[in-house]
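Peer 1: All chains should be built: construct the whole structure from the sequences, respecting the hints.
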Amino acid sequence: MIDGRMVREQAGALREGVRRRGSLDKHGPLIDRAERLDRERRLTIQAVEERKAARNTASQEVARMKKAGENADELVASARELGADIARLETELAASQGEFDAILLELPNVTLPEVPEGDATKNVIVSTWGEPRAAGSVKPHWEVAEKLGLLDLPRGAKISGSGFIVYRGRGAKLQRALMNFSVDLHTREFGYEETQVPLFVNRDAMIGTSQLPKFEEDMYALRDDALFAIPTAEVPVTNLFREEILDGATLPLALTAFSACFRREAGSAGKDTRGLLRVHQFDKVELVRFSTPEDSPAQHELLTSHAEQVLQRLGIPHRRLLLAAGDTGFGSAKTYDLEAFAPGVGQWLEVSSCSNFGEFQARRASIRYRPASGEKPRFVHTLNGSGLGFPRTIAAILEHYQNPDGSVTVPEVLRPYFGSDVIR
RNA sequence: GGAGCGGUGGCCGAGAGGCUGAAGGCACCGGUUUGCUAAACCGGCAUACGGGGUCAACCUGUAUCGAGGGUUCGAAUCCCUCCCGCUCCGCCA
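Quick note: the first sequence uses numbering that gives the first Met the number 0, first residue 0, plus one each step.
No lab work stands behind these hints, which were simulated from the structure alone.
Just so you know, not all the hints are guaranteed correct.
[Stated by the list, open to error] Okay, derived cross-link-like pairs now, DSSO-like style, lysine-lysine, Cα gap no bigger than 27 Å in a straight line:
| id | residue 1 | residue 2 |
| --- | --- | --- |
| 1 | Lys51 | Lys66 |
| 2 | Lys121 | Lys172 |
| 3 | Lys146 | Lys157 |
| 4 | Lys121 | Lys25 |
| 5 | Lys157 | Lys172 |
| 6 | Lys121 | Lys138 |
| 7 | Lys146 | Lys172 |
| 8 | Lys65 | Lys51 |
| 9 | Lys121 | Lys213 |
| 10 | Lys172 | Lys25 |
Peer 2: Below you can see the structure in the form of structure tokens.
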């Protein structure tokens, strides 16, 4: 969340931030309201604390008088009145403070200056890698997959619903090869610590990484246990250090996690949902980094390059997009999307989204670091990106590596993990 | 699921209605001293939010002893609910 102090000291920057996202109409009035609440809140704080100070001195005087054997009844009575006053003011304070806090949770992060303003049409293609095959020159992945027996979509729909994928045989194995290859790459070459984390997390964790309260309808929830299925391993991994103060010397921290991810995709029914394009449950390797504020822009480039490396080693043509403010995620200050080209469906598919959250998540989750012994704790910057999301990566492989006879060549780096060089 | 015990500052650990923002120790920082390392001694050492201010270092108020409520003039201390940990029993694997 943004710093509450910004409401008082930099309301203009906040307004400019939401304007660049194209949501001034929606968030502007919230900022106005927050400014009023902040003034109200501080006046009430003063009033409450004045009375508490008076009560504290009175209480001490009562203690003194009783010890001296004097009658303190009168003072006790007046202190009791103060207490009633305090209770009333505290109710007021809780109301304005509560509303103020709720607004803070609703306000998106302010994007960095280099992020273009406007909606997705203003996204910038930063770079392109590889030679995409002509759109429509090959069959869409679902046709190849069906012919080769890699996916069983009807049975997935039968046991869980559409958007729940059953991988079979070499389809399942391809996924496992992808997992082992990527985790090995990130741990061996790029220095990430491998983690395995819970797939269900509590509400505090979801708030910490800013999935909640805004996007509750997109989450699967186990209401009996007050747990949510994670939409990405970003949630458990980033929250690992919630309410902790890290030793500055350990930064930057780099963690990776392979996990299943669960998304209800409410509101996107029927949109790009064929085959592996948009599913409710999928596997992904996530990269998470924690850094100092000064270092986070460089860490962001580094993390994005790690995700890109996966695509390059796989030999899949792809491009990097700098998302415009309006297309940048709620909590992100800057996001690169990596898109792989899938010639069968003729589309660029988002396979990774690499974001620098600044201190937005760290503030919510209270993840701090001490720069050096004796110094004050500061919020870390959190970053994460997928490296990569598997269904769309598999879609890209099945299309890019498709041969005229309908077989699919296995990318070279996967062969040691997959066990053969072609799926036919 | 049942029973018992426990949760206090960066860490360990006292305290059992007012004298406790919290003894003592460790760690850490500054100083003195010994030719280096080490030791000894002295001093310092929480966070958040208000207010004031020649506004990053100063003064002042409030809150914080797992969380949230309650009793009281006053709660780390008493009561209730919840969370977490440990031990034992039961249940499931």
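Peer 1: Which of the listed hints are broken here?
Peer 2: Numbers 2, 6 and 10, in rising order.
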